[in-house]
Every structure is written in structure tokens, then in C-alpha cells.
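Please take these sequences and the hints and turn them into a complete structure.
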Amino acid sequence: MTVNSIYKEEKKSAFQKVSEVIITMASRPSGFIGLSILVFHIILAFISPYIAPYDFKAINPTLMLQAPSAEYWFGTDDLGRDVFTRTILGGRTALTITFFGSLIALLWGGLLGIFCGLVGGKIDDIVMRIVDAFLSIPWILAMLLIVSLLGTSTEVLIPALGFFYGKGIVRVARAATHDVIAKDFIVSARARGHSNFSIIWNEIIPNVRDAILVEGAMRWSWMLLGFSSLSFLGFGVSPPTPDWGLMISNARGLMSFAYWAVIAPIVGLSSLIIGINLTADAFAKALGIDRSTKAPV
Amino acid sequence: MSDIIQKVKNLSIGFKSKKGEEILILKNISTKIKKGETVGIVGESGSGKSTLALAMMGYVKHGLYTIGGECEFNSSNLLNMKSKDLEKIRGRKIAMIPQNAGQALTPNLKIGYQIDEALQLHSDLSEKEREKKISELLNKVRLPSPETIALRYPHELSGGQQQRVAVAMALAGTPDLLLLDEPTTGLDVTTQAHVLELLNFIAKDTGTSMVYVSHDLGAIAQVSDRIIVMYSGEIVLEGPSRDILKRPIHPYTHGLLKSIPKLSLAGLPESMPGSQPQPGIIQSGCSFFDRCNFSEDKCKNNSPQLEFLKELNTSVRCFNYEKLLKESQVNQNVNKIKNNSKDKEILNLSEVSISYAKQKLLDQIFNRISDDNPTVKDININIKKGETIALVGESGSGKSTILKSIAGLLRTKDGFIRFDENRNLSSDLKERNPNDLRIIQLIFQNPDESLNPNHTVEEIIAQPLKLYFGLKGEELNKNIIDLLQKVRLGEFYMSRYPRQLSGGEKQRVAVARAFAAKPDIILCDEVTSALDVSVQAAVLNLLQQLKEDFGTTYIFVSHDLAVVRAISDRVAVLYQGRLCEVGPSNDVYKFPSHPYTEVLLGAVLEPDPDIKPKLVAEDIVEEKPPEKGCSFQGRCSRILGDICKKDIPPWQLTDSGNAIRCHIPIKELQKEQF
Ligand SMILES: Nc1ncnc2c1ncn2[C@@H]1O[C@H](COP(=O)(O)OP(=O)(O)OP(=O)(O)O)[C@@H](O)[C@H]1O
Ligand code: SF4
Ligand code: SF4
Ligand SMILES: [Mg+2]
Chain A
1 MTVNSIYKEE KKSAFQKVSE VIITMASRPS GFIGLSILVF HIILAFISPY IAPYDFKAIN
61 PTLMLQAPSA EYWFGTDDLG RDVFTRTILG GRTALTITFF GSLIALLWGG LLGIFCGLVG
121 GKIDDIVMRI VDAFLSIPWI LAMLLIVSLL GTSTEVLIPA LGFFYGKGIV RVARAATHDV
181 IAKDFIVSAR ARGHSNFSII WNEIIPNVRD AILVEGAMRW SWMLLGFSSL SFLGFGVSPP
241 TPDWGLMISN ARGLMSFAYW AVIAPIVGLS SLIIGINLTA DAFAKALGID RSTKAPV
Chain B
1 MSDIIQKVKN LSIGFKSKKG EEILILKNIS TKIKKGETVG IVGESGSGKS TLALAMMGYV
61 KHGLYTIGGE CEFNSSNLLN MKSKDLEKIR GRKIAMIPQN AGQALTPNLK IGYQIDEALQ
121 LHSDLSEKER EKKISELLNK VRLPSPETIA LRYPHELSGG QQQRVAVAMA LAGTPDLLLL
181 DEPTTGLDVT TQAHVLELLN FIAKDTGTSM VYVSHDLGAI AQVSDRIIVM YSGEIVLEGP
241 SRDILKRPIH PYTHGLLKSI PKLSLAGLPE SMPGSQPQPG IIQSGCSFFD RCNFSEDKCK
301 NNSPQLEFLK ELNTSVRCFN YEKLLKESQV NQNVNKIKNN SKDKEILNLS EVSISYAKQK
361 LLDQIFNRIS DDNPTVKDIN INIKKGETIA LVGESGSGKS TILKSIAGLL RTKDGFIRFD
421 ENRNLSSDLK ERNPNDLRII QLIFQNPDES LNPNHTVEEI IAQPLKLYFG LKGEELNKNI
481 IDLLQKVRLG EFYMSRYPRQ LSGGEKQRVA VARAFAAKPD IILCDEVTSA LDVSVQAAVL
541 NLLQQLKEDF GTTYIFVSHD LAVVRAISDR VAVLYQGRLC EVGPSNDVYK FPSHPYTEVL
601 LGAVLEPDPD IKPKLVAEDI VEEKPPEKGC SFQGRCSRIL GDICKKDIPP WQLTDSGNAI
661 RCHIPIKELQ KEQF
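Going line by line, the protein sequences match chains A and B. Mind the numbering: the first sequence is residues 1 to 297 in my numbering, read in order. Mind the numbering: the second sequence is residues 1 to 674 in my numbering, read in order.
Source of the hints: derived by calculation from the structure; they are not laboratory data. All values derive from a computational prediction rather than experimental measurement. Every residue gets a Cβ at the ideal spot worked out from N, C-alpha and C, and that includes glycine. There is no bait here: all hints are sound.
Straight-line alpha carbon distances no greater than 16 Å define the calculated EDC-like cross-link-like pairs of lysine to aspartate or glutamate that follow:
hint: 1; chain 1: B; residue 1: Lys19; chain 2: A; residue 2: Glu20
hint: 2; chain 1: B; residue 1: Lys18; chain 2: A; residue 2: Glu20
hint: 3; chain 1: A; residue 1: Lys183; chain 2: B; residue 2: Asp448
hint: 4; chain 1: A; residue 1: Lys183; chain 2: B; residue 2: Glu449
hint: 5; chain 1: B; residue 1: Lys338; chain 2: B; residue 2: Glu548
hint: 6; chain 1: B; residue 1: Lys385; chain 2: B; residue 2: Glu421
hint: 7; chain 1: B; residue 1: Lys110; chain 2: B; residue 2: Glu147
Label-pair ranges, simulated between beta-carbon atoms:
hint: 8; chain 1: A; residue 1: Phe32; chain 2: B; residue 2: Arg411; range: 54 to 60 Å
hint: 9; chain 1: A; residue 1: Arg209; chain 2: B; residue 2: Asn301; range: 44 to 50 Å
hint: 10; chain 1: A; residue 1: Ser19; chain 2: B; residue 2: Pro453; range: 17 to 23 Å
Written out as C-alpha cells, the structure is:
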């Protein structure tokens with residue numbers, strides 16, 4: 001029997017697989033831009049405390065609302081604080097909280113979705129009804145309620161955000177599981193007598209993992225926007241910690257004469273969201289998942 | 001000149017690979033379609049036949065592009081035409097019936113409305129005229145009572161009827177050229193024969209030129225005047241239908257015809273080695289070189305050109321066609337299968353009934369199943385150790401249902417399944433112990449679905465070895481290599497993923513996985529249906545070999561009666577979940593005597609222009625088995641009257657051991673043959 005060279009693809013290690021996906025992502029212009037922006041933001045979040053030129057909370061009445069200059073690249077705000085310093089620091093909290101929030105969303109959303117897809121029937125119906133009911137509550141109202149009851153600490157924000165953004169993942173995970181569950185290899189595993197746990201772990205998860213990860217990445221950018229809205233409303237990060245949402249909120253009244261104080265955090269926030277979005281899209285394409293069919297919530 | 005309707009000139013179509021190489025799907029194709037002619041294009045999956053048919057209507061699939069050449073229709077090249085001009089031709093002058101056309105009908109629109117839409121789009125008739133035309137068209141495709149059909153929704157029609165509607169819609173624009181992509185694939189044997197007969201009639205009646213694309217030489221043989229054989233993106237043989245089927249002068253076609261099982265021959269045909277190369281693999285030499293029985297050294301580095309032989313009116317792409325010219329006819333050798341069955345019973349199905357009916361709450365609570373008219377009823381089969389018993393019947397006759405119950409995947413309503421003369425197998429998977437699960441293994445129709453795409457071959461075969469025997473490390477490895485060798489795959493396949501294997505190789509892995517459990521019984525559900533014809537014989541031969549080595553018992557389900565003929569010792573014929581006839585294959589095939597068996601065997605399409613299907617009964621599809629009497633009463637052409645409608649027919653035994661369930665006495669049944 002002859003061996004065709006096209007089939008000469010050997011088993012790869014996890015590291016090889018991941019790096020291959022990243023290379024494929026970066027080979028598209030949009031993916032490359034997205035990845036670069038995201039990596040830039042992540043690096044910035046790590047090093048900004050060391051490179052910030054000024055103290056982010058140093059108030060200086062004599063330097064109020066200075067226009068950008070060689071000394072203060074992005075100008076100063078209404079309390080005379082350096083906008084550049086505050087901008088490069090302003091993504092750290094948001095990035096951290098939403099990253100862990102997304103992990104939680106992935107975990108509970110993915111597991112519940114797989115569970116529903118697997119058991120099907122009545123239980124699936126009931127659980128999905130409940131999820132749908134939660135979906136219909138405007139999340140921001142619910143968040144505000146939670147935050148005003150429990151405070152705005154990280155321990156509250158991460159699980160709360162994770163919970164609300166996990167609902168969409170439940171649906172994706174459930175749909176993906178439904179597709180897989182009808183396949184003969186699951187029937188085959190059942191007929192051999194494998195346990196449910198073994199079926200989920202060996203047969204289902206490898207086949208739904210990609211779809212769930214892509215959805216999680218997408219949720220991350222949504223969550224970032226949501227978290228910044230909370231900050232904007234004064235329910236996210238508490239002053240004086242620098243945060244883009246908060247900075248936009250503080251400086252928006254000064255827009256007409258001190259545009260620099262607003263523009264810098266806006267650029268920071270939107271570039272990060274766009275970066276994550278492009279990355280998630282490229283991620284989906286690299287894994288061969290068609291995202292266009294999945295409705296955003 | 002004007003009698004040529006479509007002219008394909010030096011057409012090459014391809015795509016760019018990830019690495020930027022140009023990969024050809026069609027290589028320099030030239031052919032002509034004459035007015036009123038029906039041409040069959042055959043080839044296995046990936047040979048480029050659909051791409052060619054689509055190009056004939058000026059369509060190149062997304063991701064592919066035309067590298068060179070043209071498709072001329074009425075002297076204008078369709079491939080560089082503006083889409084506005086193309087729209088005027090498509091549907092009106094050239095119509096296409098895609099694969100699964102029936103399923104392509106819009107589900108929520110009535111049939112009449114959908115045909116009307118096609119008429120509005122492709123003709124200039126007034127509303128009144130259109131109305132008349134609709135019933136005319138439905139009449140033409142021989143649908144019963146067109147008025148009522150027009151008011152139905154697609155799901156209220158059977159598969160064959162849906163296909164007829166698709167034909168009616170294609171005829172709406174009175175096209176000059178009709179392209180059909182696998183028009184009967186996926187339909188039942190009986191329906192298939194009827195639809196082809198209809199298409200034959202329409203071709204004669206309207207004078208429309210037709211191009212049939214199919215992998216099935218049997219279907220092509222029934223309809224075409226001329227046949228084009230494609231292999232790996234090239235035309236390898238083209239000529240009059242009869243000559244190609246009777247005296248194929250290309251080694252590929254020759255081998256193919258040898259490897260297709262025939263009804264008249266019991267036993268397994270010779271298999272063709274290897275499989276078709278992937279696009280872009282072979283750069284120099286003949287693309288069939290690896291698999292060719294007639295190859296010479298020069299074939300390796302020189303590509304043969306398509307050569308036109310005037311005296312035969314045939315074109316052939318082979319250096320050695322003269323060798324084949326000398327062979328007067330395809331001599332099919334079959335390896336007679338040994339009947340290994342012992343006297344010992346291995347599995348006994350007794351009074352088995354299976355129901356899919358949704359159970360009422362009360363029944364659910366008491367964990368019982370109540371259904372007066374279950375999907376499968378009264379199945380009594382006694383299976384001997386080492387034999388191959390086949391279940392045949394149309395789609396929906398309950399073949400897979402019975403297999404699922406044997407595997408424990410579906411609870412039975414009544415009856416019991418007994419293993420090895422003394423052990424009753426629970427019909428509930430959870431109540432079977434691991435050994436009960438091990439002794440029965442399944443092989444499925446489509447290896448794409450039955451192998452987890454994220455597991456390597458090694459992981460796939462390791463699963464049963466770990467589960468049942470707890471093997472680990474070196475021993476596990478040794479066993480996997482051993483199994484791979486048994487299914488004729490090398491050790492290096494271990495690290496491959498299913499997507500890196502060809503269809504036949506995938507199915508071999510599935511076979512290896514089943515044998516890994518050292519089962520006593522293997523349930524084969526349409527195991528060769530998803531495979532290319534040239535690979536099918538190889539898998540059948542492998543199954544037979546393994547069975548002889550291990551003494552395994554097969555329960556073999558297939559809709560292909562010729563395949564069943566080739567491999568089985570005994571056959572059970574099912575209609576609507578009820579048994580009609582059980583007996584040794586030789587007898588069932590030689591003296592078909594149950595009226596339904598006759599219908600089934602009559603409808604088989606053979607790749608031989610001299611064997612025409614005999615269409616006995618109508619191809620109506622019944623939704624549910626009748627409540628009383630004979631299950632086949634609705635379609636039986638020999639129905640006796642009330643007795644068939646009221647009483648379940650008795651089992652009658654023939655001298656040779658055939659059991660037939662019919663009210664007509666055996667003598668009578670055997671007498672009235674063709
Ligand atoms: N899950 C199900 N729920 C309800 N009815 C079903 C289900 N599966 C099959 N059926 C019905 O049971 C009958 C027998 O189906 P089965 O799949 O056993 O047929 P088959 O002989 O294997 O057909 P095919 O040749 O198409 O595979 C059909 O009428 C079918 O519609
Ligand atoms: S050219 Fe040679 S290899 Fe190709 S089909 Fe003919 S004999 Fe076989
Ligand atoms: S019992 Fe009657 S209906 Fe049934 S197959 Fe025999 S003749 Fe036909
Ligand atoms: Mg079936």
C-alpha cells in the first residue's frame with residue numbers, strides 16, 4: 001500500500017499545536033493586528049508600574065488641565081494628575097478582573113452546557129429555561145444590585161461578572177455537545193460500556209473545546225466593556241485607582257476644553273476591546289469555527 | 001455542428017494550497033455533449049466529477065478557480081459570462097438537480113407554490129397557463145393525483161416523490177440540458193429503479209440532453225448512451241455505454257467492474273489494491289500507476305494521453321489498452337466464501353419487539369413499554385456460531401433498530417435475546433456486565449462519524465484494550481500494532497488522525513477497534529455503504545478473512561443486495577419491522593419467492609446494460625406497519641384479498657430450508673416466477 005505524502009502529518013505535542021494555532025492566527029492581517037494589540041496591552045499591564053513617569057495619585061493644583069507637552073505627554077487632568085501615567089496603568093484592573101471573570105464564565109458555562117447537552121430531555125429543558133430567564137434580565141441592573149449589596153471588591157466583581165457572562169457560553173457548549181452526541185463514536189463508546197465521565201472527558205470535551213474557547217474569548221471583550229461601564233457609573237474600581245472607565249466618566253464634562261483627558265482612556269479601552277475581538281475572530285478562523293452563525297447576546 | 005449542445009475544451013480547474021501551490025481538481029478535460037444524448041460521468045469521490053458537472057453550467061465552487069479552458073454552451077463560454085447573462089441560461093436552458101434534491105425543497109412551502117415559483121422565474125407564462133403547467137409537470141413525473149400533491153408540503157412526501165418533484169421543477173424551464181448530480185444516491189433500491197426509469201422516459205419524451213453524475217456504475221448503466229470515466233481529475237475512458245461496461249479497455253474500469261459484486265455470483269469479488277491519490281500528489285506518470293495490474297516501467301514516468309480510437313469510437317488514457325482489447329470480456333473471479341457456521345447456537349432472538357413510541361407517564365413509572373403496533377415485531381432468528389447472517393430491507397424496515405437492541409442500546413418491548421444457548425442478555429445497557437458488552441461489538445456505516453476526530457488511531461484502538469483487558473504500556477502497544485497488521489495497516493498509522501486517512505483506511509481502523517475487544521459477534525451496519533466502490537471489495541475481503549481466522553459471527557446489515565449476496569451465509573428479509581423470509585442466501589437469491597423479496601431483487605441495478613430492473617410493485621412508502629394481517633399487504637401485487645389484510649401469514653418451510661411468511665402456498669410462490 002502506498003503512502004501519500006499529504007498524510008504525512010505526525011502527532012503533535014500540545015505546545016506544537018498551540019504555537020501552530022498562533023502562527024495561523026498571525027498569518028492573517030486582522031489576526032496579526034489583533035494579536036499585536038492584545039500582547040501590547042498585556043505587556044503594558046505588567047510593566048506599567050515600573051515605567052510610569054509620575055505618581056498616579058499625586059494631586060497638583062498648580063498643574064490642572066495642562067495640554068499635552070514634552071513633560072506631560074498626554075497632559076494633565078482636573079486634579080493635575082499626569083494623564084499618561086494614569087492611562088498606561090488604567091487597564092490593569094480591568095484586564096485582570098475580566099480575565100479571571102472569563103475563566104469562571106468558561107468553567108461554569110462550559111460544564112453546564114456539556115451536562116445539558118449530554119442528559120437532554122426534561123432536565124435540559126428546565127435548565128435552559130432558567131438560563132433563558134436570566135438572559136432576559138438586563139445584566140447591568142442585576143450587576144448594580146449585586147454590587148450595591150455586596151460592595152465592589154474584586155472577590156465580588158469576578159464571580160458576578162463570570163456568572164452573567166457565562167450564560168452565553170452555556171448555549172454554545174450545549175449546542176456543540178448536541179452536535180457531537182449524535183455521532184456514532186459516542187454510540188460506540190456507550191455500547192462498549194464506558195462510564196459517563198470517560199465519555200465526557202475523552203469523547204465530548206476534545207470535540208467541543210474549541211467552540212467553547214472561542215466563545216470565551218469573545219465574552220472576554222464583552223465583559224471588558226461591561227466592566228468599564230460599571231466603572232463609568234462608579235461601581236467598578238474605586239478612586240483613586242486609575243481605570244479607563246472611571247477616567248472617561250470623570251473627564252467627560254471637560255471634553256470641550258480638555259479633550260486629552262478623555263481621548264487617552266478612550267483609545268486605551270477601545271483598542272483593547274478591538275484587539276481582543278480581532279484575536280478571538282482569528283482564533284475562531286484558525287480553529288475552523290464559523291462564528292457568523294452564533295448570535296451575540 | 002449544431003447537434004452539439006455543450007462543448008468542454010481543455011478545462012482545468014483547481015485551487016491554491018496553503019503553501020501556495022496550484023493543485024488541479026480537473027486536468028485538461030475536453031468532451032462534447034450532443035443534443036438528446038444522455039451521458040454518464042462516473043468516478044469515485046474526489047475524482048472531480050461534480051466539479052465538471054457544475055462547470056457545465058458555468059459554476060465554479062467557492063475556493064476553486066478556472067485555470068484554463070472553456071465550457072461552451074450554444075457557442076458561448078459559460079465560464080467568463082457575466083452573472084446576469086448566466087442567470088438567463090441557468091434554470092431555463094440548463095437545469096440542475098443536485099444530490100438530495102428532495103431535501104433541498106423549502107420545507108414550509110407547498111409543492112405547487114414551489115413549482116410555480118420556478119415557472120415564474122424560468123418561463124414567461126401567465127398565471128392561468130402556469131396553473132395548467134403545474135399539473136402537467138406533476139403528471140409528467142408520474143406523481144399520483146397532481147392536484148392533491150400540489151397542496152402538500154415536502155415532508156408529506158416520500159423520498160422518491162420528493163425527487164420527482166425536484167425533477168418537475170427542473171423541467172419547469174424546458175431546459176435543453178439537464179445535469180443530475182447523484183440523482184438517486186440515498187434513495188431506496190426500489191425507489192432508485194423507479195426514478196431512473198422515469199428519467200429514461202423523460203429523456204426520450206422531451207429530447208433533453210442529460211448528464212448523470214454518479215459513483216454508481218449500476219445506476220449509470222441503466223440510463224446512459226455514453227459513459228465518461230474519471231479518475232483523479234482526468235478522463236481515463238470515454239465511449240459508448242455498452243462497450244465500456246462489457247469491454248472496458250482501461251485498467252481502472254476493468255478492475256472496477258471486476259470488483260463490484262453481482263447478484264448472479266455468490267462469493268467475494270477480487271479487490272483493487274490501494275486508493276485514489278489525493279489531488280496534487282502525483283506529478284509525473286500515470287495517475288493509476290500504483291493500483292494498476294497492467295502497468296509497465298514507462299507508466300511510472302510518462303503520462304499517457306487520451307487517445308481516440310476511431311473504430312471503437314472510444315477515447316482511452318492508457319499505454320497498454322491493447323492488452324485489454326484482447327481480453328474479450330470482464331471475467332469476474334470470485335472467492336467462494338467458506339461457510340464456517342457450526343451447529344452451536346450463539347445468539348437467539350426470540351419474539352423480539354421494539355417500540356419507539358413515546359411512553360405515557362404511567363408506563364414510564366412502572367418502567368414498561370406499551371405499544372400495540374411496535375416498529376419491530378415478532379423477530380425470531382437463531383444465529384449459529386461463525387455464520388454471517390444478513391438483514392435486508394428498505395430504509396426504515398428496522399434493520400438498524402434490531403442491531404441497536406442486540407447491542408443493548410435500545411430496550412426491547414418484548415422477547416428475549418439469548419447468548420450462547422443459556423445466557424439471557426438484558427436489553428438495558430446498564431444491566432449488562434462488561435463481559436456481555438465485550439462479546440458484541442459494532443461497526444458503523446460512516447467511519448467519519450464513528451471515529452473520534454480528535455483521537456489518533458492509537459488512541460482509538462487502545463480504548464477497548466484498556467477498557468476490557470486493562471492493558472498498559474508495552475503490551476498495549478504490541479497489541480495495537482498486532483491489530484493494525486491484521487487489518488493490513490502499517491505501524492506508522494498509529495499517530496495519524498482519522499482525517500489523515502482515506503475512507504477505506506478509516507473503516508479498517510474501525511474494524512480493528514471492533515476486533516480489539518475479541519468479540520464473539522460483530523454487528524455490521526452498512527459498513528461498506530460510505531466507501532468508494534473500488535475500496536468496498538477490499539474491506540469485504542478483509543472482513544471475511546478476519547472472520548475465518550477468529551471464528552467471529554457477523555450480523556450484517558446492508559441495503560446493497562449484491563454485497564449481501566457476496567458475503568452472507570444466510571439472509572433475513574424485513575419489511576416494516578416484520579420478517580418476510582429467512583433462509584440460506586443461495587436459496588433466497590435463486591428462488592425469490594416471497595413477493596417482497598421479488599420486489600427487492602427485481603430493483604437491483606447492475607452495471608450491465610443487458611440486465612434491466614424489473615419493477616414489480618409501486619414505490620410508495622408506508623409510514624407505519626399495518627395493524628393487522630401481512631406487513632406487505634399495502635404494496636403486494638399478489639395480494640389474495642381479505643385473508644392478507646386480516647391474518648398474519650404463517651411461516652412455510654421449503655425443502656431447502658427457506659422459511660417464507662405468506663398466505664400463498666409455497667408451490668404456488670415458486671411456480672410463478674419470471
Ligand atoms: N429514534 C427514533 N425515534 C423514533 N422512530 C425511530 C427512531 N429511529 C428510527 N425510527 C423509526 O424506526 C423505523 C426503523 O428504523 P431503522 O433505522 O431501524 O431502519 P433501517 O432499516 O436501519 O433503515 P436504513 O436503511 O435507512 O438505515 C423507521 O420507521 C424509523 O423512522
Ligand atoms: S498507462 Fe500504465 S499504469 Fe496507467 S493505466 Fe495504463 S497500464 Fe496502467
Ligand atoms: S401474505 Fe398476502 S399480502 Fe402478504 S406477501 Fe403474501 S400475498 Fe402478499
Ligand atoms: Mg440503518
